[in-house]
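**Q** As a plain string of letters, each chain reads:
Number of protein chains: 2
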Amino acid sequence: MKIVALAGGVGGAKLAHGLAQILEPGELTTIVNTGDDFEHLGFYICPDLDTVCYTLAGLANPETGWGRSDETWNVMENLEKLGGPSWFRLGDQDMATHLERTRRLRVGEPLSQITKAFCEAWGVKHAVLPMSDSPVRTMVNADDGELAFQEYFVHRRCEPRVKGFRFDGVEGAEPAPGVKEALDLADTVIICPSNPWVSIDPILEILRPPFAQFDGAKSVIAVSPIIGGQTVKGPAAKMYRELGIEPSAFAVANHYRGLLSGFVFDRRDAQLVENIKGLNMRAYVTNTLMECLDDRKQLAMEVLNFIGEVL
Amino acid sequence: MKIVALAGGVGGAKLAHGLAQILEPGELTTIVNTGDDFEHLGFYICPDLDTVCYTLAGLANPETGWGRSDETWNVMENLEKLGGPSWFRLGDQDMATHLERTRRLRVGEPLSQITKAFCEAWGVKHAVLPMSDSPVRTMVNADDGELAFQEYFVHRRCEPRVKGFRFDGVEGAEPAPGVKEALDLADTVIICPSNPWVSIDPILEILRPPFAQFDGAKSVIAVSPIIGGQTVKGPAAKMYRELGIEPSAFAVANHYRGLLSGFVFDRRDAQLVENIKGLNMRAYVTNTLMECLDDRKQLAMEVLNFIGEVL
Numbered sequence: 003m004k005i006v007a008l009a010g011g012v013g014g015a016k017l018a019h020g021l022a023q024i025l026e027p028g029e030l031t032t033i034v035n036t037g038d039d040f041e042h043l044g045f046y047i048c049p050d051l052d053t054v055c056y057t058l059a060g061l062a063n064p065e066t067g068w069g070r071s072d073e074t075w076n077v078m079e080n081l082e083k084l085g086g087p088s089w090f091r092l093g094d095q096d097m098a099t100h101l102e103r104t105r106r107l108r109v110g111e112p113l114s115q116i117t118k119a120f121c122e123a124w125g126v127k128h129a130v131l132p133m134s135d136s137p138v139r140t141m142v143n144a145d146d147g148e149l150a151f152q153e154y155f156v157h158r159r160c161e162p163r164v165k166g167f168r169f170d171g172v173e174g175a176e177p178a179p180g181v182k183e184a185l186d187l188a189d190t191v192i193i194c195p196s197n198p199w200v201s202i203d204p205i206l207e208i209l210r211p212p213f214a215q216f217d218g219a220k221s222v223i224a225v226s227p228i229i230g231g232q233t234v235k236g237p238a239a240k241m242y243r244e245l246g247i248e249p250s251a252f253a254v255a256n257h258y259r260g261l262l263s264g265f266v267f268d269r270r271d272a273q274l275v276e277n278i279k280g281l282n283m284r285a286y287v288t289n290t291l292m293e294c295l296d297d298r299k300q301l302a303m304e305v306l307n308f309i310g311e312v313l
Numbered sequence: 003m004k005i006v007a008l009a010g011g012v013g014g015a016k017l018a019h020g021l022a023q024i025l026e027p028g029e030l031t032t033i034v035n036t037g038d039d040f041e042h043l044g045f046y047i048c049p050d051l052d053t054v055c056y057t058l059a060g061l062a063n064p065e066t067g068w069g070r071s072d073e074t075w076n077v078m079e080n081l082e083k084l085g086g087p088s089w090f091r092l093g094d095q096d097m098a099t100h101l102e103r104t105r106r107l108r109v110g111e112p113l114s115q116i117t118k119a120f121c122e123a124w125g126v127k128h129a130v131l132p133m134s135d136s137p138v139r140t141m142v143n144a145d146d147g148e149l150a151f152q153e154y155f156v157h158r159r160c161e162p163r164v165k166g167f168r169f170d171g172v173e174g175a176e177p178a179p180g181v182k183e184a185l186d187l188a189d190t191v192i193i194c195p196s197n198p199w200v201s202i203d204p205i206l207e208i209l210r211p212p213f214a215q216f217d218g219a220k221s222v223i224a225v226s227p228i229i230g231g232q233t234v235k236g237p238a239a240k241m242y243r244e245l246g247i248e249p250s251a252f253a254v255a256n257h258y259r260g261l262l263s264g265f266v267f268d269r270r271d272a273q274l275v276e277n278i279k280g281l282n283m284r285a286y287v288t289n290t291l292m293e294c295l296d297d298r299k300q301l302a303m304e305v306l307n308f309i310g311e312v313l
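Top to bottom, those sequences are chains A and B.
Residue numbering for the first sequence follows our numbering, starting at 3 and increasing by one per position.
Residue numbering for the second sequence follows our numbering, starting at 3 and increasing by one per position.
Treat each hint with caution, since some may be false.
Any copy will do: because identical chains look the same in the list, a pair fits if it lies in one copy or spans two.
As the list claims (entries may be wrong) - Listed below are the simulated DSSO-like cross-link pairs for lysine-lysine, each with C-alpha atoms no more than 30 Å apart in a straight line:
(1) Lys127 - Lys299
(2) Lys240 - Lys127
(3) Lys240 - Lys182
(4) Lys165 - Lys118
(5) Lys83 - Lys299
(6) Lys220 - Lys182
(7) Lys240 - Lys118
(8) Lys127 - Lys83
(9) Lys127 - Lys165
(10) Lys127 - Lys220
Just so you know, these hints were derived from the structure itself, not from any lab.
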């Protein structure tokens, strides 16, 4: 079986981790959103890519879901004493990632190659690819103007009301080397439970033009990031509301309408099953909340089994 | 009494620290070499300036003389795991200094102003000034070509044989704001026991053109960094040898000939007293090795007392 997983940050990383515990290296490629990448303190920071890699490596902080476990904050604490900007928290171990990535980018190494080298160093055996080696920047059209994603997400704590999104640079951006090949070989694409607006849509925007076959020839399964009308983490539900859509598993399925063969969502939303089937996709109801490592593997197993029903 | 101290790294910082324990803030200004500043890993690093500031703040590592006490190395360790360059060791606390300085330089804040802000944050009460806000780069003319100073000093561990030095950018560089004023007000200039070739000469090159009065009107006292033909730290003695000069306190006094009213050197070199006096300067012999905090204060006290004899 060849699987491509599309992932954003924490939720996506958890399911990718579950899949990696079942599938052999070579059976799974995770393509990660880079729309929330940004430059800060002279570092080129890739939050989603790092979350996915740290999670697959078993290095992620289990409490936050992002950043490193057993992290220290000595640089940040001293930076604050000097009056430096501290709104984006960078741990010491994590900072090494940004430092070395930035150094390599400056000497011309592409992001996909850097990610491969880092995965090797961290012992990640399953392929992880940035969606593109070219910068694409998710811009949030908010009630008080357009904001760069991390400005909205971290600095402003998702408080501004959103009106829409724009992926700056997406027109000229090509999928990273290996993305097309992985999709060509894949039996199934799994859209992980990540934010549809700002984690998955940027990837789909990148993939669509060269992968027209993506819409029909392969089975595509999505897992809902919305459970009981709420997001486990992050602003997806708030975004749906502000865009005038009731946040629900149905809203997510409808978001991906036309693309999906199957949709996986939580027991708490079982009442939506007929509405979701009405979107011309198969539906699978289970526990989708990944609270522990076993939950990740269990959900991954069920998603993989569901593929058999969909194909 | 108004004193200006000229200092490079560890030895200079120790004497400046001794002076700061005796003199009131406002009585002492330390002007620091920036010729060994360099850019590394995207950071703008000022080794001598940081050594002086950390030492005056009581934050310096007492074992190495440079870097921070109670330092951690989490960024560096993780950088090495990713294959990043590790020849220049940057501790976590120290890295915050470079990070914030680089950020401020990028937004246009001059080095002297940044240094002032950092000194305030660290509780340094005596003025510390970089010799210039403009980049001046000490280049080492070595047997296998010209090397940037840190390349020679840290990466190549002072192994290449030196043939001379060049201070790139010195012609166009102005003394930093406050340097001229401090010199105008100073009764005495103390040249700290720093490397004459690569720590003090760059400062003198910067100061000379606008401060012609420097040569005669004020008393200038130097403390020898060479004891018993050897340097306490660093390559000064090796440099003298490679340039065909026998390394000694006399060689140092001769280096500053014409500039000095008085010269302070170690008991172990007492036999050189007549030769040094023959250079038309007063001589003062004492213990110049600063092994503990008390030694710094003791030497500073003796140097200040010596000023009375010289004036």
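**Q** Provide an ascending list of the numbers of those earlier hints which the structure does not satisfy.
**A** 2, 3, 4, 7 and 9
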